[in-house]
Amino acid sequence: QFPDFLDYLYAQPLESKFVINFDNWKSMKYLANYFLVPRLTEAVADFIEKDMEYYNLGHMENYISEFHRDISDDMSRRILPKAVLICAELLQSIEVDSALLMSIPPLMFRSIIMRVCVHNHQEALHTCTLVAAYLEHNVEDRLVFSIYFCDNVLFSLFGDLHKSEETTIELALTWFRLMTKKGWTFEYVDEPCFWGIEMVKEALADILRDYLRSKTPSLEMMERIVRGVPSDIVAKYFRDSVAEARTS
Numbered sequence: 033q034f035p036d037f038l039d040y041l042y043a044q045p046l047e048s049k050f051v052i053n054f055d056n057w058k059s060m061k062y063l064a065n066y067f068l069v070p071r072l073t074e075a076v077a078d079f080i081e082k083d084m085e086y087y088n089l090g091h092m093e094n095y096i097s098e099f100h101r102d103i104s105d106d107m108s109r110r111i112l113p114k115a116v117l118i119c120a121e122l123l124q125s126i127e128v129d130s131a132l133l134m135s136i137p138p139l140m141f142r143s144i145i146m147r148v149c150v151h152n153h154q155e156a157l158h159t160c161t162l163v164a165a166y167l168e169h170n171v172e173d174r175l176v177f178s179i180y181f182c183d184n185v186l187f188s189l190f191g192d193l194h195k196s197e198e199t200t201i202e203l204a205l206t207w208f209r210l211m212t213k214k215g216w217t218f219e220y221v222d223e224p225c226f227w228g229i230e231m232v233k234e235a236l237a238d239i240l241r242d243y244l245r246s247k248t249p250s251l252e253m254m255e256r257i258v259r260g261v262p263s264d265i266v267a268k269y270f271r272d273s274v275a276e277a278r279t280s
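Start counting the sequence shown at 33; every next residue gets the next number (our numbering).
Honestly, the hints are just simulated from the structure, not real lab data.
A couple of the hints might just be wrong.
Simulated crosslink set (DSS-like; lysine-lysine; CA at most 27 Å straight-line) [as the list claims (entries may be wrong)]:
1) 114 x 195
2) 58 x 114
3) 214 x 268
Ranges between beta-carbon positions, derived for each pair [claimed, not checked]:
4) 262 x 124: 29 to 37 Å
5) 124 x 65: 53 to 61 Å
6) 262 x 62: 44 to 52 Å
7) 42 x 124: 45 to 53 Å
8) 268 x 192: 21 to 29 Å
Backbone N, C-alpha and C define an ideal beta-carbon position, used for all residues, glycine too.
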């Protein structure tokens, strides 16, 4: 890419064939930084901002992977906020196994989720499924999970789900499996992450209760629920069910 760089520096504007594109922007960014050419740095940033407006998932993954490494860099501070907004708009098009999803750092992903607007059950379901897939691959620390994701944003998404749908109980079981696999439980009430994780468990328990009250599940589904849901939640549900049956 060095000949293109020389063309940018020395050719007359009307004669230059230099064009910044997706194939050369990284090289031009590096050369501009190395040789201290601020107007080329600005031109690269302008190209990226315009290119992001085409909502290309592959390009977004490339930009995020490049810029989240150093968030103190001037270009990172310029590009990443716009990337957050674009990803929030693109979220319903992102697949659970996409490279873009896995490339986003946790704090940025939280910022994206905070800006997502869901309009129906299907969008809420897709968003909650993406969050679970993201956590599965990108987050191990339960304190990170509690601080970044156990808040009203997640609970609002759970609230937009239709509790009687089979897809909703499947989602809840996915979340229970995830939290069990990751060890996102608690041992002491005074742990910093205790209440956040407890609130997620309660929100998932509410989904379970609403589902079971709205329909009679198959034996297969009931077995999956008993095996997949934490024993304390199952025990509490059956205790409450027995108490309701005695008073009715």
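Structure-inconsistent hints, enumerated in ascending order: When the structure is compared with the hints, numbers 1 and 5 turn out to be violated.
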